[in-house]
Amino acid sequence: MNGQVQLVYRMLLRIVLWLPVFFLLWYYLVPVISGPLVWFSFQVLDFLFPQIIDRIHATESGLYILTSLTEGPAAEHQLAVETRPMRYLYGIPLLLALVAATPGDERISTGLLGAMLIFPFAVWGVVFDVLKSLSFGLSEHFLPVAGLSGLHLEFVVLGYQLGTLIFPPVAPLILWAALDQQFFRQMCGFPESVEHSDAPAGSAKSPHGGAPGE
Amino acid sequence: MKRFIVTFTVVLLGLFTLELTAPVKAHLIDPWTGLLARITVWIIKIFDSQAMATGNVIQDLASGFGVAIEAGCNGVEAVIILLAAILAFPAPMPYRLKGILLGMAAIMLLNVARIITLFYLGKWDMAIFEWAHLYVWPVLIILDALVVFMLWTHFAPRSATGKVSS
Chain A
1 MNGQVQLVYR MLLRIVLWLP VFFLLWYYLV PVISGPLVWF SFQVLDFLFP QIIDRIHATE
61 SGLYILTSLT EGPAAEHQLA VETRPMRYLY GIPLLLALVA ATPGDERIST GLLGAMLIFP
121 FAVWGVVFDV LKSLSFGLSE HFLPVAGLSG LHLEFVVLGY QLGTLIFPPV APLILWAALD
181 QQFFRQMCGF PESVEHSDAP AGSAKSPHGG APGE
Chain B
1001 MKRFIVTFTV VLLGLFTLEL TAPVKAHLID PWTGLLARIT VWIIKIFDSQ AMATGNVIQD
1061 LASGFGVAIE AGCNGVEAVI ILLAAILAFP APMPYRLKGI LLGMAAIMLL NVARIITLFY
1121 LGKWDMAIFE WAHLYVWPVL IILDALVVFM LWTHFAPRSA TGKVSS
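Chains as they are written, first to last, in this note's numbering: chain A, 1 to 214; chain B, 1001 to 1166.
This is chain A alone, in the form it adopts within the complex (with noise of 0.2 Å):
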């Protein structure tokens, strides 16, 4: 086989052995990471919108909204989104497994900053979320107080479902490829990496990064 195919089989088999190893402390830390998701997603909403939004508070069972759009008891203020904070941090792990199986030093501070990295994406996934949330479940009290109309709600949408279905997968590889961009070339055999290379594509050196169980 290929070299160059074996190295990205190996590269893959050390992925996948590091992912359940990631997911499981993801798992166990998304109650931790999630809080500073929340908090930063409620200054950006706060700052948008001042005044609109009281509180953000996240459950296991999902987001829920204060909001004092509407009058009435306490319990209709209340704005519930059905989401969960995870649904944005999902790329970490995968980010984690992308670093950790990839050759070189520094893997830890790489993975910290990467993670930390995800979070703008997770942020705009959670403020999207929340806006279309308003924009559609309380329109009548949210929409003339924000000054939304026609072309800003295709812009909410457009904005939620990016920041549901492209960032939380696309930003991890980003990411790796941006913090790893010299393996990245490697990996991929990108034009200026070939050009800048004595070695055929063949005997690319093989990576040393470790796997559980390697």
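FYI, nobody ran anything at the bench for these hints, they're computed from the structure. Quick reminder that beta carbons are idealized off the backbone N, C-alpha and C, glycines included. The reader is advised that the hints may include incorrect statements.
Simulated restraints, written as ranges between beta carbons of each label pair [to be verified]:
id, chain 1, residue 1, chain 2, residue 2, range
1, A, Leu151, B, Val1024, 12 to 22 Å
2, B, Met1093, A, Phe155, 28 to 38 Å
3, B, Glu1130, A, Leu158, 19 to 29 Å
Starting from the structure of chain A, add chain B where the hints point.
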């Protein structure tokens, strides 16, 4: 590399926005999702005669349990991501087309496996279904796209200097 990143981002956002438009959804995405449901049921029926497909819903006749194939579950987003990466990478157009077709097949094959496993996981345990549906399978599908892309780039035609010819 910069050109790759810019082209990838532009094509990804463009195709994804296009996917969300009403005509593309009505004439391409919805029929594809229905076809995917029927293909999946056809495979399930080989070993389980209790399954049936109605539109984008796969249902178990015995228990009444059903799964709906929605956006994000039909593999279209993963195909769009792979398509954007292939179009952004410098390679001859016929080779790109081969990559797109083979990549689509690889993603769709794994996606059918995803739907079948989710159908049975849902009948068995909803908590495990949720986990597999929301977190595990999306990661495996995107890994599939990444591996297809890496393998495709390695077989890209190169000139005598080792440069990928575009």
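Each hint tested on the structure:
no.: 1; hint: Leu151(A) to Val1024(B): 12 to 22 Å; result: holds, 19 Å
no.: 2; hint: Met1093(B) to Phe155(A): 28 to 38 Å; result: holds, 33 Å
no.: 3; hint: Glu1130(B) to Leu158(A): 19 to 29 Å; result: holds, 26 Å
Hint compliance for this structure: every hint is met.
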